[in-house]
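Q: Chain by chain, the residues run as shown.
Number of protein chains: 2
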Amino acid sequence: MLEHKNQEKTTLAALGEFGLIEHLTKNFSIYHQSTLKSVGDDAAVLDFKDKKVVLTTDMLVEGVHFDLSYMPLKHLGYKAVIANLSDIFAMNAKATQILVSIAVSNRFPLEALEELYTGIRLATNKFKVDLVGGDTTSSKTGMIISITALGEASAEEIVYRDGAKENDLLVVSGDLGGAYMGLQVLEREKEVFKVNPNNQPDLEPYTYIVERQLKPEARKDIIELLHKLEIRPTAMIDISDGLSSEILHLCKQSNVGCNLFEDKIPLDPTVIAACEEFNIDSTLVALSGGEDYELLFTLDQIHYPKIKGNPNLTVIGHMTDSSEGTALITRGATKIPLTAQGWNAFKTSP
Amino acid sequence: MLEHKNQEKTTLAALGEFGLIEHLTKNFSIYHQSTLKSVGDDAAVLDFKDKKVVLTTDMLVEGVHFDLSYMPLKHLGYKAVIANLSDIFAMNAKATQILVSIAVSNRFPLEALEELYTGIRLATNKFKVDLVGGDTTSSKTGMIISITALGEASAEEIVYRDGAKENDLLVVSGDLGGAYMGLQVLEREKEVFKVNPNNQPDLEPYTYIVERQLKPEARKDIIELLHKLEIRPTAMIDISDGLSSEILHLCKQSNVGCNLFEDKIPLDPTVIAACEEFNIDSTLVALSGGEDYELLFTLDQIHYPKIKGNPNLTVIGHMTDSSEGTALITRGATKIPLTAQGWNAFKTSP
Numbered sequence: 337m338l339e340h341k342n343q344e345k346t347t348l349a350a351l352g353e354f355g356l357i358e359h360l361t362k363n364f365s366i367y368h369q370s371t372l373k374s375v376g377d378d379a380a381v382l383d384f385k386d387k388k389v390v391l392t393t394d395m396l397v398e399g400v401h402f403d404l405s406y407m408p409l410k411h412l413g414y415k416a417v418i419a420n421l422s423d424i425f426a427m428n429a430k431a432t433q434i435l436v437s438i439a440v441s442n443r444f445p446l447e448a449l450e451e452l453y454t455g456i457r458l459a460t461n462k463f464k465v466d467l468v469g470g471d472t473t474s475s476k477t478g479m480i481i482s483i484t485a486l487g488e489a490s491a492e493e494i495v496y497r498d499g500a501k502e503n504d505l506l507v508v509s510g511d512l513g514g515a516y517m518g519l520q521v522l523e524r525e526k527e528v529f530k531v532n533p534n535n536q537p538d539l540e541p542y543t544y545i546v547e548r549q550l551k552p553e554a555r556k557d558i559i560e561l562l563h564k565l566e567i568r569p570t571a572m573i574d575i576s577d578g579l580s581s582e583i584l585h586l587c588k589q590s591n592v593g594c595n596l597f598e599d600k601i602p603l604d605p606t607v608i609a610a611c612e613e614f615n616i617d618s619t620l621v622a623l624s625g626g627e628d629y630e631l632l633f634t635l636d637q638i639h640y641p642k643i644k645g646n647p648n649l650t651v652i653g654h655m656t657d658s659s660e661g662t663a664l665i666t667r668g669a670t671k672i673p674l675t676a677q678g679w680n681a682f683k684t685s686p
Numbered sequence: 337m338l339e340h341k342n343q344e345k346t347t348l349a350a351l352g353e354f355g356l357i358e359h360l361t362k363n364f365s366i367y368h369q370s371t372l373k374s375v376g377d378d379a380a381v382l383d384f385k386d387k388k389v390v391l392t393t394d395m396l397v398e399g400v401h402f403d404l405s406y407m408p409l410k411h412l413g414y415k416a417v418i419a420n421l422s423d424i425f426a427m428n429a430k431a432t433q434i435l436v437s438i439a440v441s442n443r444f445p446l447e448a449l450e451e452l453y454t455g456i457r458l459a460t461n462k463f464k465v466d467l468v469g470g471d472t473t474s475s476k477t478g479m480i481i482s483i484t485a486l487g488e489a490s491a492e493e494i495v496y497r498d499g500a501k502e503n504d505l506l507v508v509s510g511d512l513g514g515a516y517m518g519l520q521v522l523e524r525e526k527e528v529f530k531v532n533p534n535n536q537p538d539l540e541p542y543t544y545i546v547e548r549q550l551k552p553e554a555r556k557d558i559i560e561l562l563h564k565l566e567i568r569p570t571a572m573i574d575i576s577d578g579l580s581s582e583i584l585h586l587c588k589q590s591n592v593g594c595n596l597f598e599d600k601i602p603l604d605p606t607v608i609a610a611c612e613e614f615n616i617d618s619t620l621v622a623l624s625g626g627e628d629y630e631l632l633f634t635l636d637q638i639h640y641p642k643i644k645g646n647p648n649l650t651v652i653g654h655m656t657d658s659s660e661g662t663a664l665i666t667r668g669a670t671k672i673p674l675t676a677q678g679w680n681a682f683k684t685s686p
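If you read the protein sequences in the order shown, they are chains Y and Z. The first sequence begins at 337 in this note's numbering and counts up by one. The second sequence begins at 337 in this note's numbering and counts up by one.
Pulled out of the complex, with its shape left as it was, chain Y reads as follows (with noise of 0.2 Å):
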């Protein structure tokens, strides 16, 4: 896509680290007490006084987790954010701080690390968090893109993972499936493509599940609207590898079993639809896509009432004892475990 265009662009080595990194860093806003320091010195200086610190990262590599043929590099710097802040959300937690790390070859000129600092900049202005530090540096072929995030919380107000208990709801934000479809979608088009490159392509009828793909959210809003609620979760976790992987994790983690409602599991229009023209089943893209940074969470029973009919929030099954096992329920009344298929990085590898 960048080779394609023929304005003059100008080369990182022409900036050299420093200027670059001072260059891209410049129109970031800051938005937190804590942030004592910033970008400048040997390490970014934080205050997070009686807050406790959650910390997390994330590494993105071209050719593995994107394909630029596709991705435009403001949508990219826009979702690595977000997978990185949907992880502090998961924690139950406020992001307040971030640190981006980037590796380019020098196919890349200045004018696309622009980009795709705008959309990293989209983002922490939208999330209001704050870019403290990061490291820019060449690479030998690819880009590669590893964010830190933190965020604070207090220590009662913190949702780890492990604390699911026997007949808590389990229960998920938004719908499920859509960033993997949108993925298929552009790869089709890609194809198409290559084939025909005067196609031209309409993605208006997909124009949902590939902005779920490209553009996904951090469910920021459903921390607030429990917080608003009085709900603190039992347990919780962001689906980044697909339904049935994450619902592993809790019942591994809390030592509990689980009944997932294959009826229940949240699926947009479009998503069928698209399942249906694709021939793929929409329960198993529900299961196994991943990327659609929704919540998946437990909670105590007695909330049942402040939940029920919130169109953010679907209850798609209750956790049991152990010994009962991680089971699917189908639509056929038929109770089959549940097997973890989501993303594997090191499967798709080349």
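Don't read these hints as lab results, they were simulated from the structure. Please read all numbers here as calculations on a predicted model, not as lab measurements. Treat each hint with caution, since some may be false.
As the list claims (entries may be wrong) - Computed far set for chain Z versus chain Y, every beta-carbon distance over 10 Å:
1) 390
2) 589
3) 672
Said to hold, decoys possible - Listed below are the simulated DSSO-like cross-link pairs for lysine-lysine, each with C-alpha atoms no more than 27 Å apart in a straight line:
4) Z/410 with Y/476
5) Z/373 with Y/556
6) Y/373 with Z/464
7) Z/385 with Y/556
C-beta atoms are modelled at their ideal positions from N, C-alpha and C, and glycine is treated no differently.
Chain Z: place on chain Y using the hints.
A: Below, chain Z alone, put in the same frame as chain Y:
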């Protein structure tokens, strides 16, 4: 190097991402009370109480920052941690936690990652820092390591780059240029090996400088020494890019000038010998060779009696009014402007 071995190797895909993380991180000790929750949830949870948090990150790319044909993986893991801890010490802080993210192509078997993590563990044990998270994924070609390090300090302890004052002494720990000359020796042996694979290199005369390149140390001891001597530097930075570049950072951010005396720059005899052999100017090597991970700091002259004669510390100059500029006073007593010619990742890219 790895490809020469014929033993049975375990593929990374066989373990899967979660199995791999568990396998690689299981033997790490936790040293700090501030680590409430380490690997195994969406995020780590830390508690720094009334301390400030110091935070830095670094990305190392195969073929740009390291060459596996002469860098053993264990050393690489060790060095990657050191590079980050050095930044924490340069803030006059105590290093407490690290996050380690790794992307590797499938040419690396599990045993290679185990070697890398053995080196990482050596560093975490030696410097007593907790591995609290990270990411492990595949890459299309080489290996990429991204480390984030955290440290803690009270507000009064933290030393920034911007506090140097006119007449402050400019002090450096250890000696300079060793890591760069070690790299020259290793690069030369690599070329010899290409021509004659049976040649057994005699690296013994170069032990010190090769070790400076392959197994550098972060100067925690200097931070502890300064603390014991009740010296708080006015400004500090670690030398990762070369002395001149770091001095210019201190001067720019502190808005002062500097006189650096060429004849004061500490050089090990092995470095001088290697410079003669390679016909490179040793001052240039000290000024521009990176990766020594020594500390460069400024302090009030009042402290001079405390550091005088200490073999670990050398006064190499003093700070001046900014109008005097940044100058190198040569052995011939000529004053020439100091220019940054340090490591620039983008200039060395292919």
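Q: Against each hint, give a clear statement of whether it holds in the structure.
A: Hint check results:
no.: 1; hint: 390; result: violated, 5 Å
no.: 2; hint: 589; result: violated, 7 Å
no.: 3; hint: 672; result: holds, 22 Å
no.: 4; hint: Z/410 with Y/476; result: holds, 22 Å
no.: 5; hint: Z/373 with Y/556; result: holds, 22 Å
no.: 6; hint: Y/373 with Z/464; result: holds, 25 Å
no.: 7; hint: Z/385 with Y/556; result: holds, 26 Å
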